[in-house]
Every structure is written in C-alpha cells, then in structure tokens.
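So the sequences go chain by chain: Y and R.
Position 389 of the first sequence, counting from 1, maps to 389 under the working numbering, and the rest follow consecutively.
Position 83 of the second sequence, counting from 1, maps to 83 under the working numbering, and the rest follow consecutively.
Keep in mind that the hints were calculated from the coordinates and are not lab data.
Glycine is no exception: its CB is placed at the ideal position from the N, C-alpha and C atoms.
Each hint should be verified, as a subset may be incorrect.
As the list claims (entries may be wrong) - Partner residues aside, some chain Y positions facing chain R, computed with beta carbon under 8 Å: (1) S91; (2) S95; (3) L184; (4) I407.
As the list claims (entries may be wrong) - The calculated DSSO-like cross-link candidates involving lysine-lysine, where the alpha carbons are at most 27 Å apart (straight line), are: (5) Y/K275 with R/K93; (6) R/K37 with Y/K266; (7) Y/K246 with R/K37; (8) Y/K247 with R/K37; (9) Y/K178 with R/K35; (10) Y/K426 with Y/K246.
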Amino acid sequence: MSEHFDAIVVGAGPAGNTAAYTMAKAGLKVLQIERGEYSGSKNVQGAILYSDALERVIPDFREDAPLERHIIEQRVWVLDDESYLGGTYRSADFSKPPHNRYTIIRSQFDRWFSQKVRDAGALVVCETTVLDLHMDGRQVVGVRTDRENGSVYADVVILADGVNSLLARKAGFHEELKPKDVGLAVKEIHFLPESTIEERFNVKGTEGVVIEMAGKITQGMVGTGFLYTNKESVTIGVGCLLSDFKKSGIAPYALLEQMKEHPAIKPLLAGGEMKEYTAHLIPEGGYNAIPAVYGDGWLIVGDAGMFVNAVHREGSNLAMTTGRIAAETVIDLKARDKPMTARNLAAYRAALDESFVMKDLKKYKDVPDIMDRNRQFFTAYPNLASQAAHTLLTVDGVDKKTKERAIRKTFTRARTTFGLFADAFKLWRAFE
Amino acid sequence: MIRIEEKLFQNRYRVDAGRSHIEIADANVCAVQCKEKFCTFCCPAGCYSEDNAGRVTLITDGCLECGTCRVICTEHRNVRWEYPRGGYGILFKFG
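Here chain Y stands alone, though its shape is the one from the complex:
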C-alpha cells in the first residue's frame, strides 16, 4: 500500500462518499478508507435523505438507490405527559415525482453509494482504521492505518471521519468537542408489516410520514424526538444535548423507553419487533462551533466539521454538499497544477461561505446558545400550550371568555407578561 494517490478520503458516510465519488469521476486517483466491514456498517442516522444534495452529484440516483418511503406528511407534536398538540402538513403534491425527500436505512444506502464510488474508479478499502496522519512539517502527506505496512500517501487528505473527528483532534487541528455542542441521540428500529404501516399512518405505496416531537418527552432537556416510517419498519428516537444529559442524570435509553410509553406514541409501535438499538452524537454547536476546516494538505467535511443545521434537522445534505465542494476545490487545484497548501485550499472555505451551508448556519448561529439559556421553550411552553388546548376543548359549561382569561393567567403566571414578550423577542432574534 505504498502507492501515491491524488487524494485519500477517510470515512465512507455521505460526506466521504460524495467527495470520493466526485474526485474519482473527474479522473483523480482516489483512495477511500473505511473502518467498517463495508461502507455503511458504522453509520447511523434518523434517517432522512434530501434529494437535492445527492441529485447534484448523481442525478439519476432514484433508479437504483435503496430508498424507503418518500415523505408526503410532516407532523410536529408538542407533548406533555398525557397529550400532544400538533400541526400537520400533508400534500399530494409531495407524491409527484421527483420526490423531495425520502426515509432511508443507512447501512443499505451507504453501501449503494459506495458501489457508485467504486464504479467511478476510486479504490475503496474497508475494515481498515486510520490511526493518525503523516506529517511533513505542517503538511499532511498521508495516513497511517492499522494494516501491516499500512502507511499511504497522497497530495491531500479529506477527513470525513464523522462527528468524533479523532484524526483532526490528534493532529491538533481542533479541540475536543464540548458537551454543549453535541446532541446524543438514541434510536430503535421496529419492524411492522407494510400493510400495518399503511393503515396506521394513512399512506399507500411508498408514501411516508415523519413526526418531529418536543416537550415533556425530553424531561426538561433541550432536545427533540422523532418517528419516521420506512417501508417495513419505523424508527423512533430521541436526542438531547449531552450537557443536559450530564445534568439530568437520566440514562439515554431510559428516556427513549419512557417516550415509547407515551399514550400518543405507544399505539404507533404496537406489535412491532425491535431489531436494532443505536446511539450517535450529532454536532449541533452550529456556526460558532465550526473548527478550522482546511490546512496544509487537509480538508474536513461533514459531521467532522460540525456541518449540521440542528434547527432544520439537516445534516446528510450538508455532508454531501461539503464533500462535493471539497472535491471540487481539489479537482480545480489539480487541474491548475497548484500545490495543496492551506493558502490554496482556503478556496474550500470561501466556496462554503457562498453556499447554503454557511449561509444557513450563520443565520441560526445564536440558536444553540439561546435554547441552552432558555429552557422554557422545552419545558414551560409545551405544558402551557397543551393546558390551553385542554381548557378550550373541554366542553363543561364554562363560558369561553372565562376560559380565555384562565389561559392567559397560566401564561403570565408561568412567565410574567414581560417574560412572554422577552421570549417572543428572543425567538424572533434567533430565527429572523
């Protein structure tokens, strides 16, 4: 394995696969290294695939990619102990091809993507863990793997090694993750007959539903829950800030177990067979937590670079987009015979700044801090909202004006009038 490559990509998730595919397709000599037994076997996601980011690299992906269901209905639920208050958007328009988003099962999807990477001409080596980077002064010149004589060299190394980003950390490119900048999500997959899913969620064919949840299910922590429909299974999970798990003392699997017992959720899972339990960190620190993403001979893409939009629950599309832009940067430098120095690779960051990736992350840069310092959005408000709904929807001979006054009182008692305005202002500032 002592050959020299144009580029080495570490990791075979959506970021690494898109980078490797794009470069190989352009004729570069690419080596991709993955530690799992195949590409996908170490990867965890909810999982929603947004078509746009993938379409830009593989326009005809729908022909053979393993897709579960296209989403026609999105529900948002705010839960308290007994009830939920929610909104639903469902449109037959979402059923018209080409579909905008799909549920996927990552081990299958990533395996499919990896075959595309091989077909494009990249060398993909699995069951190989990269231990550290080879440096020549400040320049990254290759990687050291756990294979015998396992050093390989390249002009540039693209780090797509996921949220833990061990390689960049070991090399001193950035610091350890902070508990407030990562969410810990746990998830289960429950198998149900296709017909049961169709009846239970009011869908047919490959139509699917996603439910995003907030409120009591996170027991005061900043976080959300979700339920996604796959073809013959549903995935259910919950994620909260790691800093909150530390404070709460609640075990993540206990949180998930309690959420599954909620009277609105339990019937959706009834009769299912749980076949896998997974956990994953999600980089949610946003714009302010993005580390250096390029240097002499290296680029960082995907989760390793904190490229997740937690507000809109987008990650895999940012991973694919950063992977593609990193690849395009390398292809361009190669074509112009320029060295892979930090100065030249800075074009990657500049291109990111011009893309939706940085624009979106910048727009929401204050959200993580505001949510962290204002628990009421995850605690008091869900309760108040469901109490209000309960009061209004209970017909008991009390006149509506009295009911409205009572509701107003619960809000001002919990937050004060000034507090209500302050909260509205904070939200406006965070999301404007």
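Let chain Y serve as the given structure and place chain R on it in line with the hints.
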C-alpha cells in the same frame, strides 16, 4: 427497570477479544477524584458501572462507538478513546 442488555442483544458485534478500544486512563482518578461519574449514566450502552467501593468498571463489548464517554469526561479527561481495529466492534444492520 430497563435492562440495556435486552436492547444490545438485538445488535451485531464482532468483539476484538482482549483488545478494548476504550480504556480508563487512571482508575484511581475515577475512584477518588471523580464525584459525578457521568459515564455511569450517560453511556447509551451502559458500558460503565460503579461498584460499592466507588470504582468504575468499563466493559466495551456493547459499545456503540458514539464518543459520549470521552466528550463528557471534561474535568478529568480520563478516557482513552480509539476506534476499534478495522472490521471490529459494532456492525450496524440498519444504522
């Protein structure tokens, strides 16, 4: 009481016998200096447990390779964390 073992039982692993990819750097730090022992309740696979004497035991067989234990050990930085050797560890069926 939720038994985490029942959940982990559904998962597929190839355990690298005798080669733990995560190690407690100094057992004394956990036993004597660390009061909170966040790892014993934050680990989503329940790999860390505390005995009556306050010592922390780590068994990585059920590890989901998420990184939580390393990230939360902010005060003592007492977790030595690597990925398993290529091909070993959790093998997600679905992910």
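Cross-check of the supplied hints:
no., hint, in the structure
1, S91, "violated, 28 Å"
2, S95, "violated, 25 Å"
3, L184, "holds, 6 Å"
4, I407, "violated, 37 Å"
5, Y/K275 with R/K93, "holds, 9 Å"
6, R/K37 with Y/K266, "violated, 33 Å"
7, Y/K246 with R/K37, "holds, 9 Å"
8, Y/K247 with R/K37, "holds, 11 Å"
9, Y/K178 with R/K35, "holds, 20 Å"
10, Y/K426 with Y/K246, "holds, 26 Å"
Checked against the numbered hints given earlier, the structure breaks hints 1, 2, 4, 6 and satisfies all the rest.
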